[in-house]
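Chains as they are written, first to last, in my numbering: chain L, 1 to 185; chain R, 1 to 185; chain G, 1 to 185; chain D, 1 to 185.
It is worth saying that the hints were derived from the structure and are not from the lab. Honestly, I wouldn't trust all of these hints.
Stated by the list, open to error - Derived DEER-like restraints, expressed as beta-carbon distance ranges:
(1) R:D44 / L:E156: 54 to 62 Å
(2) G:G119 / R:A155: 41 to 49 Å
(3) L:E21 / D:G164: 12 to 20 Å
What the hints assert, rightly or not - Not everything, but these chain D residues come out facing chain G in the computed CB check (under 10 Å):
(4) T93
(5) M94
(6) G182
What the hints assert, rightly or not - Coverage of chain G stretches by chain D, computed from C-beta distances (three or more under 8 Å per stretch; other residues unrestricted):
(7) 84-90
(8) 117-129
(9) 164-176
All residues carry an ideal CB built from backbone N, CA and C; glycine is no exception.
4 protein chains.
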Amino acid sequence: MYEDRSMNVRTPDPYPGWLSEEDLYEARQRLPMLYVEAIPVRLDPLGYVNEVGLLLTGDDDGRMLRTFVSGRVMYRETIRAALIRHIEKDLGTMVLPQLPASPVPFTVAEYFPAPSETGLTDDRQHAVSMCYIVPVRGESTPRQDALELTWLTPAEALSSDIQGAFAGGRENILRQALAHVGINI
Amino acid sequence: MYEDRSMNVRTPDPYPGWLSEEDLYEARQRLPMLYVEAIPVRLDPLGYVNEVGLLLTGDDDGRMLRTFVSGRVMYRETIRAALIRHIEKDLGTMVLPQLPASPVPFTVAEYFPAPSETGLTDDRQHAVSMCYIVPVRGESTPRQDALELTWLTPAEALSSDIQGAFAGGRENILRQALAHVGINI
Amino acid sequence: MYEDRSMNVRTPDPYPGWLSEEDLYEARQRLPMLYVEAIPVRLDPLGYVNEVGLLLTGDDDGRMLRTFVSGRVMYRETIRAALIRHIEKDLGTMVLPQLPASPVPFTVAEYFPAPSETGLTDDRQHAVSMCYIVPVRGESTPRQDALELTWLTPAEALSSDIQGAFAGGRENILRQALAHVGINI
Amino acid sequence: MYEDRSMNVRTPDPYPGWLSEEDLYEARQRLPMLYVEAIPVRLDPLGYVNEVGLLLTGDDDGRMLRTFVSGRVMYRETIRAALIRHIEKDLGTMVLPQLPASPVPFTVAEYFPAPSETGLTDDRQHAVSMCYIVPVRGESTPRQDALELTWLTPAEALSSDIQGAFAGGRENILRQALAHVGINI
């Protein structure tokens, strides 16, 4: 969700897409933007979630924020291709993600530029995000300018310290993800 | 889950099924029992959950407990037939439930007679329960010996008072249900 | 999916949204468009699908086509609000839809302006559609210029006549919907 | 579903469980039996299903049948433990399955000893089966007495030859699985 370079919370998008920055700014005032979000997890052999991968970023005021792998779906790009592109951008190409066999997300997150009934906000735009839990088997190898990835147990991820470090209501997406996999939240 | 009459937390099952009490006791020591659970909800026209219906029961020690519509699937009974049977038993025949079009539950709850990795327990048995959210449009008309139904807002249902009144870890099922419908828990 | 008036397969959108026709045309060349699709169904008391509601439309060549309730999500509009708006536009305000308690669609349909791995096409745009099954209890009261709604049994909807009358691969969405509710397709 | 040795369609269960053969026979006349079924798949890096693994077995009349990894959930066994046990029994320990992070099955299959509204039958019992799609990365190494595993493309698995080789209506479970992962069936 943090693609705006002026916010300095995200690596530059290596695929600038088909819109100029100006046109993209215009579109964001008038159309919902389609996003994907991925919550990387490490599973034990029985499929229980051992660890959740959260990105650590900073906003303009130097506050540290937690966030997910996230980014826009480009014109003529499939959701799966967008997912793998953003995962590789943030986690590197050695992370060995297992993309879901089904295209159905565990939730659909609706972010609005002003408070709304969904409780999710994004200053820049109206964004609708397909959210997926993505098991990974490899190691993350972030690029030099990339975000830091932290692996946390579900209990750590649910602690008030971590829950309070999300922006825009995203901590609710994490809680929904953990509820979806059967963790007692 | 509370069919044992000695526990006095549930109305007698009007369909005793094909097992004597003694045989059922034996089976419960040796096989997982298949259950259904229904969380009745009232929806607004957009599908947002306005209210959740929770049953109020008492255990042998006079402690009041919260629980769901719940009961066993009988031999040769479909899950849908078991759902409607238990809903009518606990909520009456005027409650106008809307059974789900899909047979896929929002979660599968595994109760064990001893603490386990699922965090859900049932003294009497190993029970595996298909859990459904069931919108209702009518009024509950409990039978004279029936349990009390209370309608609560999601915020009330998530309050510590109510969350602490469930037994066997069932408060987690409720939280998973609310997360599933997109409520920020 | 058929909002282009020149195609004459859809009633005019009573909510023109925040984009001029020209701007919308431009955006469609450069961004994925977010859509919702609803398949109205009539359920029996146990939740089994008795009937599926399909719209009948005509294309420019006078060929009759089957389609679903479908339309764009507007800027700052929730998915639920878009669903109810398009349902009322196509089926009237007396149809008494039961919007789903959960925002998770039964499938996410990705339409591309050229053949792709999804098998779904839309000449005009790259559209990503959240697809929902929506039980209705009332009667459809189409507006004078509205599309015809036909109620079909699942077997009729799966017949080769009907399956062959969809465009863009939408018959697959219908088959996925019926599989999702447990119908043997 | 083929545990009965007299049918000679399944390897002996290495975990006989807590019921004698006789007691199990009795229970099967009076209680629904809880099963798990797994459809092993090979995914490409984007998560698309490249291949489906089907078991080849023979019935008493020497007819060859297609079936899934399938078996009973034992007393005090979690669904995940039952899944991995049956996968290892039928596919060996080198198949490297990725058990699902979520306990929610893609469908719940209800088999009855006589024709019913579900269209699924099992001569021996009323069985309720949680069905999962399980990506595997390794090689199957069947035990000497094990069933043959065949890897088929989705198109091959949907061919009338293969579809006609299932018993009890299980071809519908396969079609539901493929619909769930977004394949046009």
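Comparing the hints with the structure gives:
One distance hint, 54 to 62 Å for the beta-carbon pair D44 of chain R and E156 of chain L, is violated here, with the actual separation near 36 Å. Take G119 of chain G and A155 of chain R: their Cβ atoms lie about 44 Å apart, and the range 41 to 49 Å holds. Here the CB-CB span from E21 of chain L to G164 of chain D is close to 57 Å, at odds with the stated 12 to 20 Å. Violation of the interface hint for T93 of chain D is found here, the shortest Cβ-Cβ separation to chain G being roughly 33 Å, above the 10 Å cut-off.
Taking 10 Å as the C-beta cut-off, the interface hint given for M94 of chain D is violated, the closest approach to chain G being about 31 Å. Checking G182 of chain D against chain G by beta carbon gives a least distance of about 6 Å; that is within 10 Å, so the hint holds. Under a criterion of three residues with beta carbons nearer than 8 Å to beta carbons of chain D, the stated coverage of the segment 84-90 of chain G fails, only 0 such residues being counted. Counting residues of the segment 117-129 of chain G whose CB lies closer than 8 Å to any CB of chain D gives 3, which reaches the minimum of 3, so the coverage claim holds.
Coverage of the segment 164-176 of chain G by chain D holds in this model, with 4 residues showing a Cβ closer than 8 Å to a Cβ of that chain against a need of three.
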